[in-house]
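Number of protein chains: 2
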Amino acid sequence: MNQTVSLKEIAEKAHVSPATVSRVMNKNGRYSKETEERVLRIIEECGYAPNQLARGLRMSRSHIVGIIVPDITNEFFAKLIQVIQNRLFDFDYPVAIYNTNESKFTEKKCLRYLRAQNVSGVIYINGNEDIEGDSLDDIPVIYVDRKPAELPKSKTKYISSDNRRGGYIATREMLDKGCRRIAVMTERFGTYVMTERLTGYAEALNEAGIEADPSLIFKPELISYESAFSIVEEKIKNGVEFDGIFCQTDWLASGAIAALKRCGKKVPNEVKVVGFDNISISYLCYQPFTTIEQDIASIGNYLANAIMGMIDDTDRDGPVRVFPVNLIRRQTT
Amino acid sequence: MNQTVSLKEIAEKAHVSPATVSRVMNKNGRYSKETEERVLRIIEECGYAPNQLARGLRMSRSHIVGIIVPDITNEFFAKLIQVIQNRLFDFDYPVAIYNTNESKFTEKKCLRYLRAQNVSGVIYINGNEDIEGDSLDDIPVIYVDRKPAELPKSKTKYISSDNRRGGYIATREMLDKGCRRIAVMTERFGTYVMTERLTGYAEALNEAGIEADPSLIFKPELISYESAFSIVEEKIKNGVEFDGIFCQTDWLASGAIAALKRCGKKVPNEVKVVGFDNISISYLCYQPFTTIEQDIASIGNYLANAIMGMIDDTDRDGPVRVFPVNLIRRQTT
Numbered sequence: 001m002n003q004t005v006s007l008k009e010i011a012e013k014a015h016v017s018p019a020t021v022s023r024v025m026n027k028n029g030r031y032s033k034e035t036e037e038r039v040l041r042i043i044e045e046c047g048y049a050p051n052q053l054a055r056g057l058r059m060s061r062s063h064i065v066g067i068i069v070p071d072i073t074n075e076f077f078a079k080l081i082q083v084i085q086n087r088l089f090d091f092d093y094p095v096a097i098y099n100t101n102e103s104k105f106t107e108k109k110c111l112r113y114l115r116a117q118n119v120s121g122v123i124y125i126n127g128n129e130d131i132e133g134d135s136l137d138d139i140p141v142i143y144v145d146r147k148p149a150e151l152p153k154s155k156t157k158y159i160s161s162d163n164r165r166g167g168y169i170a171t172r173e174m175l176d177k178g179c180r181r182i183a184v185m186t187e188r189f190g191t192y193v194m195t196e197r198l199t200g201y202a203e204a205l206n207e208a209g210i211e212a213d214p215s216l217i218f219k220p221e222l223i224s225y226e227s228a229f230s231i232v233e234e235k236i237k238n239g240v241e242f243d244g245i246f247c248q249t250d251w252l253a254s255g256a257i258a259a260l261k262r263c264g265k266k267v268p269n270e271v272k273v274v275g276f277d278n279i280s281i282s283y284l285c286y287q288p289f290t291t292i293e294q295d296i297a298s299i300g301n302y303l304a305n306a307i308m309g310m311i312d313d314t315d316r317d318g319p320v321r322v323f324p325v326n327l328i329r330r331q332t333t
Numbered sequence: 001m002n003q004t005v006s007l008k009e010i011a012e013k014a015h016v017s018p019a020t021v022s023r024v025m026n027k028n029g030r031y032s033k034e035t036e037e038r039v040l041r042i043i044e045e046c047g048y049a050p051n052q053l054a055r056g057l058r059m060s061r062s063h064i065v066g067i068i069v070p071d072i073t074n075e076f077f078a079k080l081i082q083v084i085q086n087r088l089f090d091f092d093y094p095v096a097i098y099n100t101n102e103s104k105f106t107e108k109k110c111l112r113y114l115r116a117q118n119v120s121g122v123i124y125i126n127g128n129e130d131i132e133g134d135s136l137d138d139i140p141v142i143y144v145d146r147k148p149a150e151l152p153k154s155k156t157k158y159i160s161s162d163n164r165r166g167g168y169i170a171t172r173e174m175l176d177k178g179c180r181r182i183a184v185m186t187e188r189f190g191t192y193v194m195t196e197r198l199t200g201y202a203e204a205l206n207e208a209g210i211e212a213d214p215s216l217i218f219k220p221e222l223i224s225y226e227s228a229f230s231i232v233e234e235k236i237k238n239g240v241e242f243d244g245i246f247c248q249t250d251w252l253a254s255g256a257i258a259a260l261k262r263c264g265k266k267v268p269n270e271v272k273v274v275g276f277d278n279i280s281i282s283y284l285c286y287q288p289f290t291t292i293e294q295d296i297a298s299i300g301n302y303l304a305n306a307i308m309g310m311i312d313d314t315d316r317d318g319p320v321r322v323f324p325v326n327l328i329r330r331q332t333t
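Protein chains in written order, with my numbering: chain A, 1 to 333; chain B, 1 to 333.
Looking at chain A on its own, in the form it has when it is part of the complex:
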C-alpha cells in the first residue's frame, strides 16, 4: 500500500463497497467472515497500518472527522456536536473539535490544523463569511448555517435550518397576538443566517400590510445577554416604542426580557418577545419564553451520516438541505 492508494481502490480489489472496507478496518460488524478475511488479506498485501496515525498517512487521510465551531460554550452548538459525535462513534470515527471563539485569526489557524491533521472530513459550523474553506482542498466539507460562496463544488454540502421560515413564524406569532410595532434584534455583520431570519421577519410584516421601520432594527455589540440588555434599555430610554421584539437568538431574548422588566415594561402584556434556538435558558430563565426550535437531533444525525457518505463516496444526496423549524409557545406571547 503506498501513500496514494485510496479506500476505494482497496474496495475495488476486494469487490466490496468502500463502506465495508471501512467497517472491516474498524471491526465495526455488518459483514461476513468471508468478506472480512478477503478485505484484511488485501490490506495486508498492501502493508498493514499498525495504528490510526500510520493508517492516516498511508491512506493519505487520518481516520478523524474535524468539527469547526464558533463558540463551544453556546449550548446550541454543544448539543449539536454531541449528536454528531454520538452518531460518528457508531461508525468508529473520532471527532476533533476546533473552537474558533468567533475569531477570524483562530478560524484560519483551525483550517491549517485540520489540513495538517489530514482529517477525513470537516463539519464547518457557522464559519466566518470572509474565510473560504477552499484551503481544505478535496477534503469533504459540510457547511452548517453559513453558505459558501459557490456551490456545488464536488464533495461540498451546505445545510441549515429554515431560518427564513423561522423569522416569519416568530413575527407572525406576535402579529396574531395583536402587535403592530415589532422590533427585531439581529447582529451587526449581516451573516447569511441572520439575514435570512430578517427576511422572514420582513415578509410577515409585509403580509400584514405593515411597513418595516428601520428604527426598530436593533443591533447589539455582541450576541450576548449583556449586549441585548444594554441595547433594549437604551432604546426604551431614548423613547423608541415597540410592542413586540423578535430576538434572533435565545441569549438575546433573555437579555431583552430582563431589560424590559428593569424598565417596568410588562411582558407579554405591553411587549411580546420571541427568541430563537430553544436552548435551556429559554425555559429556565426568569420568564420562560416563546422561541423557534431548531431540530438538533435531525440536523446532527444528518450531518454525521452525510459526512460518512461523502468520505466513503456513497453519498447520493444533493448539495443543499434545509431543516424545518417549529414555534414553541411559552409565557412571552
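Heads up, some of the hints might be wrong.
Where chains are identical, the list cannot tell them apart; a pair therefore holds if satisfied intra-copy or between any two copies.
[What the hints assert, rightly or not] The calculated lysine to aspartate or glutamate pairs, modelled on EDC-like cross-linking and capped at a C-alpha distance of 20 angstroms, are:
id: 1; residue 1: Lys8; residue 2: Glu36
id: 2; residue 1: Lys33; residue 2: Glu221
id: 3; residue 1: Lys79; residue 2: Glu102
id: 4; residue 1: Lys266; residue 2: Glu207
id: 5; residue 1: Lys8; residue 2: Asp92
id: 6; residue 1: Lys33; residue 2: Glu45
id: 7; residue 1: Lys261; residue 2: Glu234
id: 8; residue 1: Lys108; residue 2: Asp90
Quick caveat, the hints were computed from the structure, so don't treat them as lab data. Note that the structure is predicted; figures quoted are calculated from it, not measured.
Starting from the known structure of chain A, arrange chain B on it as the hints suggest.
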C-alpha cells in the same frame, strides 16, 4: 530522523530547549533567525516531516493535545475547555476534544482513539473512577477532578478545585444565616469530587455542633434540573423537613429552587439554597442564587501551561495542585 528520535534529542543537537524546537517547528516566534536556521537544519538532516501527521509518526507523537470531557453541553466544562484551548493556541498546539457523554463504554473508546491518534498529552476531565488511564502508557496526563488510583506516576498530575472547602463554605453560609436542618444534594456514585464536597458539608455541621442527618442526604437519579426538581418535590411531599439545601451543582440548585417554589416554600425565607460552579444559569434563572465559584481561568491556564511543560519535559511543578474556591452571594441565602 527515525521513529524514536525525540524533541529533546533534536534540542540537544541544536543546543536549545525543547520548547524552542517546538516553537521553530510551529513558526511561533520568540527565537533568533540564527536559532531558527540551526534548528531547521538539524530537523532537515534527520528528514523533514512534510506535515503534522508525518511529523507525528516520525516523532512518535502527533502534535495535538487530547481533552476527555464527560459532557460538552455542561457550561462549566465548555468554558474550561475554551480557556485551555485558547492558551494552547498560543503554543500552536491544536486540541482534539473527546466527549464521553458520561458513558463508560464511550470513555474507553476515547482512550483508544487518543492512543491511536498518538497525542502528545491528555487533559482528562472528570473521568470515570472505574477506568484507569494507564492504557495511555507514557503519554503525559493531567487528571482533573478525578483522582487516579496511584500518584505520582511519572508524567501524571492531578488537579482540582478545593471541593472540600467549597462544601464547607456553602454549608457555613447557611449556618451563619440561621439554618439548622441543612440538606445536601449529591450524586449516587460517590465520585471523589462529590465525596470531598460532602466531607466539607459534614465538617461545617460538625463545627456548629450539629449531627449530620442521613435522611437529609438527597441523591437524585441524574445530575440534572429535572432530577433535582423531582427529588425535592418528593422529599417535601414525604414530610422531610429542612431549612437549607446545599446542591452540589448549579443545575441541581436551579431544579431545587423551581421545586421549592412549586411546593409553596419561600426562598430564602423558609429554605436557603447554595449551588456549585457559578455557571450562567446561577444568575439568569428564575431567582439568581448563591453558589460556589470555581476559578475557571486559573485552572484552564494552569492546565495548558502544565501539559506543555510535561510534553517539553520542562515541567518542575508537583504532581498535585488544588485551586481555591469562592462564595458568590445572591438571592437565596
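We went through each hint and held it up to the structure:
Taking CA atoms no more than 20 angstroms apart as the test, lysine 8 paired with glutamate 36 passes inside one copy only; the shortest distance there is 16 angstroms, against 42 angstroms between copies. Proximity of lysine 33 to glutamate 221 under the C-alpha cut-off of 20 angstroms is found in neither arrangement, the shortest distances being 60 angstroms within a copy and 42 angstroms between copies. In this homomeric assembly, lysine 79 and glutamate 102 come within 20 angstroms of each other (Cα to Cα) both inside a single copy, at 18 angstroms, and across copies, at 14 angstroms. Taking the closest pair of Cα atoms, lysine 266 and glutamate 207 never come within 20 angstroms of each other, the shortest separation being 27 angstroms inside a single copy and 47 angstroms across copies.
Taking the closest pair of Cα atoms, lysine 8 and aspartate 92 come within 20 angstroms of each other only inside a single copy of the chain (18 angstroms); across copies the shortest separation is 34 angstroms, beyond that limit. In this assembly of identical chains, the alpha carbons of lysine 33 and glutamate 45 lie at most 20 angstroms apart only when taken from the same copy (18 angstroms versus 47 angstroms across copies). In this assembly of identical chains, lysine 261 and glutamate 234 lie within 20 angstroms of each other by CA distance solely inside one copy; the values are 13 angstroms within and 33 angstroms between copies. Taking the shortest Cα distances, lysine 108 and aspartate 90 sit within 20 angstroms of each other only across copies (14 angstroms), while inside one copy they are farther apart (30 angstroms).
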